[in-house]
Each structure stands twice: as structure tokens, then as C-alpha cells.
Amino acid sequence: MTLPEPYGTATQYIIPHAETKTLAKALAGIMDCISAYLYQSKEGKETEMYGYALHSEVTGTKDGKRMKHTLTHPASDGTVEGWEELRAYTRNVGIPLAVATELIAKGHVGQTGIVTLEAAGYLRRTEESC
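Counting from 1, one number per residue, gives the positions in the sequence shown under my numbering.
I should point out that these hints are in silico values taken from the structure, not numbers from a laboratory.
Incorrect hints may appear among the rest.
Calculated lysine-lysine pairs in the DSS-like style (CA-CA distance at most 30 Å, straight line) [stated by the list, open to error]:
(1) K25 / K62
(2) K106 / K68
(3) K106 / K42
(4) K106 / K65
(5) K68 / K25
(6) K106 / K62
(7) K42 / K25
Start from the sequences and build out the full structure, keeping to the hints where you can.
Set out below in C-alpha cells:
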């Protein structure tokens with residue numbers, strides 16, 4: 001996989017998250033083949049070195065135009081202060097939790113209990129507003 005600098009070309013490791021199951025349920029059929037691969041993939045179960053990176057790419061249509069937004073968090077190798085090793089992980093986990101907290105505070109999630117974004121309908125609302 002090739003990412004923006006400072007990453008460059010690197011091996012991609014699939015790290016399992018709940019979304020491998022929750023997205024498949026919420027978006028029935030779309031994730032079936034991807035999930036089947038990820039569940040059995042050796043690369044998705046083990047790694048020989050510590051590292052953490054987050055690269056997100058979102059595509060969609062806004063005002064009739066095809067759009068793409070890419071966000072790459074800094075590497076966890078210590079080259080960016082505050083994003084080294086475990087600190088990179090805690091920031092990458094903490095930022096989405098902060099976004100979820102804001103969505104709840106603004107009343108965008110009216111359900112109680114454990115509610116994933118896709119089950120709460122947030123992905124559909126986001127798509128409609130793009």
C-alpha cells in the first residue's frame with residue numbers, strides 16, 4: 001500500500017475491529033466478501049512489530065460532484081512529537097470517541113445502550129448531507 005509521506009510504501013496490516021461484523025449487518029451484503037477474507041487472513045491476526053497508523057478515505061457525491069476526502073494520521077514511529085507508539089494509538093482511538101460524544105450531545109443519536117454509528121443511521125444521514 002502506498003500512503004502519503006512520511007509513510008510511503010509499506011505493508012498493510014488489517015487490525016480487526018467490531019466494524020467487521022457491525023458494518024456487515026448494517027449494510028447487508030456489501031461487506032460479505034471482505035469480511036470473509038479478513039476473518040481467515042493470517043495478516044489480520046498477527047504482526048511482528050509494533051506500529052499504529054490510521055488512514056481514512058471517504059468518497060461520495062456533494063452538489064452533484066464526485067468528492068474524495070483523505071485523512072492520514074502521523075506515524076507511530078516517533079517522527080512526529082506526541083504521536084509516538086502508544087500515544088498514537090490513544091489519539092486515534094480518542095478522536096473518534098470525541099466525535100461520538102459530540103453526536104450524542106447534539107441529539108443525533110436517540111437510542112440507548114451500545115449503538116454503532118451505522119446502526120444508529122448516522123452513516124445514512126451523513127451520506128444525505130454530502
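Item to check | Proposed proximity, K25 with K42 (alpha carbon, max 30 Å) | outcome: holds (23 Å)
Item to check | Pairwise hint evaluation, K62 against K25, where the allowed Cα distance is 30 Å at most | outcome: This hinted pair holds, its Cα atoms lying about 26 Å apart.
Checklist entry - Would the pair K106 and K68 pass a check requiring their Cα atoms to be no farther apart than 30 Å? => result holds (26 Å)
Next on the checklist: Would the hint linking K106 and K42 be met if the CA-CA limit is 30 Å?
Outcome noted: violated (41 Å)
Item to check | Restraint check for K68 with K25, where alpha carbons must lie at most 30 Å apart | outcome: holds (25 Å)
Next on the checklist: Please verify whether K106 and K62 have alpha carbons no more than 30 Å apart.
Outcome noted: holds (23 Å)
Next on the checklist: Tell me if the straight-line CA distance from K106 to K65 falls inside 30 Å.
Outcome noted: It holds: about 28 Å lies between the C-alpha atoms, which stays within 30 Å.
Hint 3 alone, counting from the list given before, is not met by this structure.
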